[in-house]
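Here's the letter readout for the chains.
Protein chains: 2
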Amino acid sequence: MDSLNRQSVEEFRKADKFPVIAVFENVRSAYNVGSLFRTADAFKIQSVFLTGYTAQPPHKEIKKTALGAEDSVNWMHFNNAEEAILFLRNEGYRIYAAEQTTDSISLETFDVTNEKVAVIFGNEVSGVEQSTIMLCDGSIEIPQFGTKHSLNIASAAAVVLWELIRSHIVKK
Amino acid sequence: MDSLNRQSVEEFRKADKFPVIAVFENVRSAYNVGSLFRTADAFKIQSVFLTGYTAQPPHKEIKKTALGAEDSVNWMHFNNAEEAILFLRNEGYRIYAAEQTTDSISLETFDVTNEKVAVIFGNEVSGVEQSTIMLCDGSIEIPQFGTKHSLNIASAAAVVLWELIRSHIVKK
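Protein sequence lines correspond, in order, to chains A and B.
Going letter by letter, the first sequence gives residues 8 to 179 in our numbering.
Going letter by letter, the second sequence gives residues 8 to 179 in our numbering.
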C-alpha cells in the first residue's frame with residue numbers, strides 16, 4: 008500500500024470486494040468498457056461481466072482506456088445476458104437493469120447494503136434488452152432532467168456503482 | 008416535455024438549474040469534454056466552464072460524444088482556471104478542487120445544499136494544478152480502493168455531480 012492507499016494488482020485480486028457486479032450487455036464502445044474497468048478497480052467491486060458483443064480483453068482500445076485495470080479486476084464473458092443472469096442467480100445476486108421503466112426505483116432511494124447486487128447496463132443506443140429486463144428483479148433509474156435523458160454509459164455505470172459503494176461506506 | 012420528461016433545448020436553456028458548475032482545467036480529451044456535456048445536461052447544472060487548453064465547441068469529437076448537449080448546456084471558456092475562479096467568486100460560488108489532498112473532504116460527507124458550488128476537475132494525468140488548488144475553498148475526494156486511484160475524468164465528474172444533485176433531491 009502506498010501513500011494513496013493503492014494496492015498492488017496481486018493484493019487487489021486477493022482482497023475482499025464490495026458485493027457488487029456490473030454487467031455490460033452489447034456495449035459497442037471499447038472505450039466505455041475500458042472506463043468501466045477503471046471504475047470497477049477504483050470502487051473495488053466483485054466483478055465485471057461482459058455479455059454479447061461487448062468488447063473484451065485483450066483489446067487494444069480497452070487497454071488504452073483501462074490503463075491496467077483490466078488486469079486487476081475480475082471479469083467474465085457470457086454469450087448473452089441470460090447466461091450471466093443464470094450465473095448471478097446461482098451466486099445469490101439480486102439483479103437490476105439500469106433503465107427507466109414504469110416501476111423503476113430512483114437511484115437515490117436504492118438501498119441494498121445487505122444484498123449482493125448486480126446491475127446490467129445496456130447498449131449505448133437501445134439500452135438493456137426488453138427480454139433481459141424481464142429476467143431482472145427490478146430496474147434502477149438515474150434521475151435525469153435534461154434534453155437527452157441519456158448519460159454516457161460509462162458515466163451512468165460510475166454513478167450507479169458509486170451509489171452502491173456509498174451506501175456501504177455510509178452504513179459502516 | 009415528452010414521456011421521458013425530456014425538455015426541448017429552448018425549454019432547457021430557460022429552465023432553472025441546480026446551482027452547480029463543473030470546471031474542466033486543461034483536459035486533453037475532447038471525448039471527456041463531450042461526456043461532461045451530456046452529464047451536465049442530464050443533471051441540469053448551471054454551467055460548464057472550460058479552461059486552458061481544454062477542447063471547446065465547435066469541435067468534431069465533442070459533437071460526436073455530446074450528442075447535442077453542447078447546444079443545451081451553458082458553457083464558457085477561460086484562458087486559465089484563475090480567471091474562472093475570479094468569475095465564480097464574483098457570482099458567489101464556493102469552489103472545490105476534485106483532488107485527494109491532506110484535508111480533502113470525502114465525497115459522501117460533502118453537504119452543500121444551501122450553497123452555489125463549483126468543482127474543478129484537472130488534467131487526465133496531472134490532475135488539478137497545485138496553484139489552482141490553493142485558490143479553492145477546499146478539495147473533494149472520491150473514495151477509491153483499487154490499484155490505480157484514478158477514475159476516468161468524465162466518470163469522476165459524473166460521480167461528483169450526481170452526489171451534488173443527489174443532495175438537492177434528497178433534501179426536497
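These are calculated hints, taken from the structure and not from any lab test.
Hints are supplied without guarantee of correctness; some may be wrong.
Repeated chains share a single entry, so a pair holds when one copy, or any two copies, can fit it.
[Said to hold, decoys possible] Derived pair list, reagent style DSS-like, types lysine-lysine, alpha-carbon separation capped at 27 angstroms:
#1 K155 with K67
#2 K67 with K123
#3 K24 with K178
#4 K178 with K70
Computed from a predicted model, the values in this text were never measured in an experiment.
So, going through the hints one by one against the coordinates:
Taking identical chains as interchangeable, the C-alpha atoms of K155 and K67 lie at most 27 angstroms apart only when they sit on different chains, with a minimum of 19 angstroms there against 30 angstroms within one chain. Taking the closest pair of Cα atoms, K67 and K123 never come within 27 angstroms of each other, the shortest separation being 32 angstroms inside a single copy and 42 angstroms across copies. When the C-alpha separation of K24 and K178 is checked against a cutoff of 27 angstroms, the pair qualifies only within one copy, where the shortest distance is 16 angstroms, while the shortest distance between copies is 31 angstroms. In this homomeric assembly, K178 and K70 never come within 27 angstroms of each other (Cα to Cα): the closest approach is 35 angstroms inside a single copy and 41 angstroms across copies.
When each numbered hint is compared with the structure, violations occur for hints 2 and 4.
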